[in-house]
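These are the residues of each chain, in order.
2 protein chains.
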Amino acid sequence: MSLGEFDLIDRFFKRPVRQAVLGVGDDCALLQPAPGTQMAISCDMLIEGQHFFADVDPAKLGHKALAVNLSDLAACGAKPLAFTLALALPHADEAWLAAFARGLFALADAHNCELIGGDTTRGPLNICITVFGEVPVVDGRSQALLRSGARPGDDLYASGTLGDARLALLALQGQLDVPGEALQVARVRLEQPTPRVALGLALRGIASAAIDLSDGLLGDLGHVLTASGCGATVDTAAAAGLLRGDLARHLGAEQRLSLVLAGGDDYELLFTAPESARAAVQGASQMADTPVARIGRIDAGTGLRLIDAEGRPVSGHFASFDHFA
Amino acid sequence: MSLGEFDLIDRFFKRPVRQAVLGVGDDCALLQPAPGTQMAISCDMLIEGQHFFADVDPAKLGHKALAVNLSDLAACGAKPLAFTLALALPHADEAWLAAFARGLFALADAHNCELIGGDTTRGPLNICITVFGEVPVVDGRSQALLRSGARPGDDLYASGTLGDARLALLALQGQLDVPGEALQVARVRLEQPTPRVALGLALRGIASAAIDLSDGLLGDLGHVLTASGCGATVDTAAAAGLLRGDLARHLGAEQRLSLVLAGGDDYELLFTAPESARAAVQGASQMADTPVARIGRIDAGTGLRLIDAEGRPVSGHFASFDHFA
Chain A
1 MSLGEFDLID RFFKRPVRQA VLGVGDDCAL LQPAPGTQMA ISCDMLIEGQ
51 HFFADVDPAK LGHKALAVNL SDLAACGAKP LAFTLALALP HADEAWLAAF
101 ARGLFALADA HNCELIGGDT TRGPLNICIT VFGEVPVVDG RSQALLRSGA
151 RPGDDLYASG TLGDARLALL ALQGQLDVPG EALQVARVRL EQPTPRVALG
201 LALRGIASAA IDLSDGLLGD LGHVLTASGC GATVDTAAAA GLLRGDLARH
251 LGAEQRLSLV LAGGDDYELL FTAPESARAA VQGASQMADT PVARIGRIDA
301 GTGLRLIDAE GRPVSGHFAS FDHFA
Chain B
1 MSLGEFDLID RFFKRPVRQA VLGVGDDCAL LQPAPGTQMA ISCDMLIEGQ
51 HFFADVDPAK LGHKALAVNL SDLAACGAKP LAFTLALALP HADEAWLAAF
101 ARGLFALADA HNCELIGGDT TRGPLNICIT VFGEVPVVDG RSQALLRSGA
151 RPGDDLYASG TLGDARLALL ALQGQLDVPG EALQVARVRL EQPTPRVALG
201 LALRGIASAA IDLSDGLLGD LGHVLTASGC GATVDTAAAA GLLRGDLARH
251 LGAEQRLSLV LAGGDDYELL FTAPESARAA VQGASQMADT PVARIGRIDA
301 GTGLRLIDAE GRPVSGHFAS FDHFA
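Chains as they are written, first to last, in the working numbering: chain A, 1 to 325; chain B, 1 to 325.
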């Protein structure tokens with residue numbers, strides 16, 4: 001059955017707005033930011049073959065498309081407010097759209113983040129979400145967590161677990177052999193990542209810099225170091241501990257480290273904080289109910305050093321993810 | 001030559017921001033709306049084969065991708081502030097990107113609208129822009145022009161010229177035979193539409209409702225009537241006068257009317273205003289240096305009536321544009 005463009009929007013995506021001044025259905029949506037706040041804005045485009053498999057469950061795809069955007073708000077310490085959705089579809093498949101909308105709105109509702117506008121068109125499947133969040137300005141200073149705030153001597157932390165999404169991808173591509181049970185665990189992380197919104201909010205005023213882990217730990221850490229003009233030392237033993245134990249036991253030491261350092265698609269937070277804030281970081285972790293682990297420190301000068309548990313240098317090539325490399 | 005994703009952004013799209021708090025290069029951009037304003041947000045996705053030909057000049061495509069978004073701000077009476085750009089590219093072609101960025105930024109600079117973030121990925125060519133504008137709130141009332149404000153007795157107006165973009169499309173597809181010179185004129189309108197931003201701003205506090213003409217006059221008028229709960233009468237003689245004279249003389253009467261009423265892709269403004277505001281509308285037109293023509297009136301009740309210069313009913317089927325029809 002074929003649906004018209006406007007029926008499609010009305011039927012699957014138009015819902016009354018609660019916080020926005022005006023939602024779906026006019027030339028523009030209208031948002032009225034609270035006085036004394038800044039608006040954080042991020043945008044991610046997901047494409048079949050690049051970011052998901054053609055046969056992915058559309059409900060999971062709806063979740064992931066919003067999750068990767070909420071993860072950017074989390075990395076900025078922004079409270080989710082609203083999002084727009086642009087959707088190119090090869091055809092208007094009602095069952096697919098219903099499931100996609102269900103997955104999308106379940107996550108949106110969990111974060112009180114409402115759909116305020118967008119576009120639909122015919123074309124190769126493409127999902128582009130732009131998300132809007134709120135960051136307070138206190139005493140004239142933005143509370144946003146930026147990539148540029150890391151300072152020499154700061155501790156380096158990562159949240160949650162790393163490498164499981166890439167492990168699932170490699171296993172699904174037949175490049176890695178893991179038991180079905182382990183694959184199922186990892187696949188949830190690949191297909192339905194958890195944006196660390198609560199942690200990002202809890203780290204306001206505590207973390208000195210933050211980024212979300214989408215391209216892999218080393219690559220994303222590199223962005224922080226470039227923006228902050230610093231170097232870093234990563235404790236590979238601590239980092240390797242970030243791979244889930246039930247997955248790690250199926251892998252060799254080098255595979256484990258490679259997945260953690262260059263995995264990508266983790267959507268955890270990588271952040272820095274002064275040594276004096278260790279108790280505050282643990283408090284934020286508990287408040288957000290999200291584990292965090294200290295995996296290194298920020299150095300003066302530049303460059304990224306990997307060390308083992310005894311402080312000896314570790315060498316190895318751990319490529320990060322680049323869509324055009 | 002192949003460029004990495006981050007090189008690509010740095011090289012073609014990263015520019016210092018002037019108005020935003022933070023632009024391209026972090027997890028989120030940051031905007032700080034002026035006190036007492038609302039943020040107008042719109043989003044359009046352009047796809048090869050649906051919205052432009054594969055061989056279109058990339059500079060013109062850069063212009064059009066932003067123009068159609070600015071047109072939504074114009075229809076809302078919003079002042080452009082910033083935009084995000086998500087771009088899926090089959091490959092990173094430097095010459096193509098340089099030309100695309102040139103066309104994009106030329107229009108952006110003309111409207112003081114800055115690029116603050118986005119995404120690039122490999123995939124079938126797809127351009128998704130989300131645009132942000134500012135609308136003042138005066139005495140607690142938003143100055144945004146909405147589709148829902150038309151009232152019985154209001155005059156109905158359209159800006160500029162209509163039908164030329166569709167004429168160019170039909171001629172390029174070989175469905176209509178027009179001389180090369182006329183085609184060139186029309187083709188500029190198809191490929192480089194002018195968003196009526198100045199007119200939208202000038203109509204604040206004057207127009208009762210507005211929409212931008214992207215799907216065709218009758219289709220877009222239908223959206224206004226549905227949102228406003230009104231009907232309308234369109235003077236087809238006045239409407240037919242909106243086709244440029246140098247194009248009209250190559251066409252029959254029925255073709256002219258069809259192009260004007262159902263052409264699409266015009267990016268002019270369709271708006272309503274009380275009869276008492278006729279002088280104010282002409283003043284806004286002059287201030288914005290944009291011609292406007294009165295082409296009908298809003299009626300009580302529902303339904304859309306077409307009449308000729310003598311007020312007699314005109315019948316005919318003028319289909320609007322729907323990506324999924």
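Hints are supplied without guarantee of correctness; some may be wrong.
[Claimed, not checked] DMTMM-like mimics (lysine to aspartate or glutamate), calculated; alpha carbons at most 25 Å apart, straight line:
1. K14/B to E134/A
2. K14/B to D139/B
3. K60/B to E181/B
4. K14/A to E134/B
5. K60/A to D10/A
[Unchecked claim] Calculated Cβ distances over 12 Å to all of chain B for the following chain A residues:
6. R15
7. D109
8. D119
9. L170
10. L172
11. Q175
12. L176
13. D177
14. L183
15. A209
16. T233
17. A277
In short, the hints are calculated from the structure, not lab data.
Think of the CB as a built atom: it goes at the ideal place given N, C-alpha and C, for glycine as much as any other residue.
Would L172/A pass as off the interface with chain B, using Cβ distances and a cut of 12 Å? 19 Å, holds
Taking 12 Å as the cut and beta carbons as the points, is L176/A off the interface with chain B? 23 Å, holds
Would the non-interface assignment of A277/A survive a Cβ cutoff of 12 Å against chain B? Holds, since 20 Å exceeds 12 Å.
Status of D109/A, Cβ more than 12 Å from any chain B Cβ: Check passes; 20 Å lies beyond 12 Å.
Is the Cβ of D119/A farther than 12 Å from every Cβ of chain B? 5 Å, violated
Quick one, are K14/A and E134/B close enough, alpha carbons at most 25 Å? The hint holds at about 24 Å.
Taking the shortest Cβ-to-Cβ distance between A209/A and chain B, state whether it exceeds 12 Å. 10 Å, violated
With the threshold set at 25 Å, check whether the alpha-carbon distance from K60/B to E181/B stays at or below it. Status holds; Cα separation ~19 Å.
Straight-line Cα separation of K14/B and E134/A no greater than 25 Å? The given pair, whose Cα atoms are some 24 Å apart, holds under the 25 Å limit.
Does the claim that T233/A lies outside the interface with chain B hold up, using a Cβ gap greater than 12 Å? Since the minimum Cβ distance to chain B is about 23 Å, T233/A lies beyond 12 Å and the statement holds.
When you look at the beta carbon of L170/A, is every beta carbon of chain B farther off than 12 Å? 19 Å, holds
Could you check that no beta carbon of chain B comes within 12 Å of the beta carbon of L183/A? Non-interface label stands for L183/A: nearest chain B Cβ at 26 Å, farther than 12 Å.
Hints 2, 8, 15 from the earlier list are contradicted by this structure; the remaining hints agree with it.
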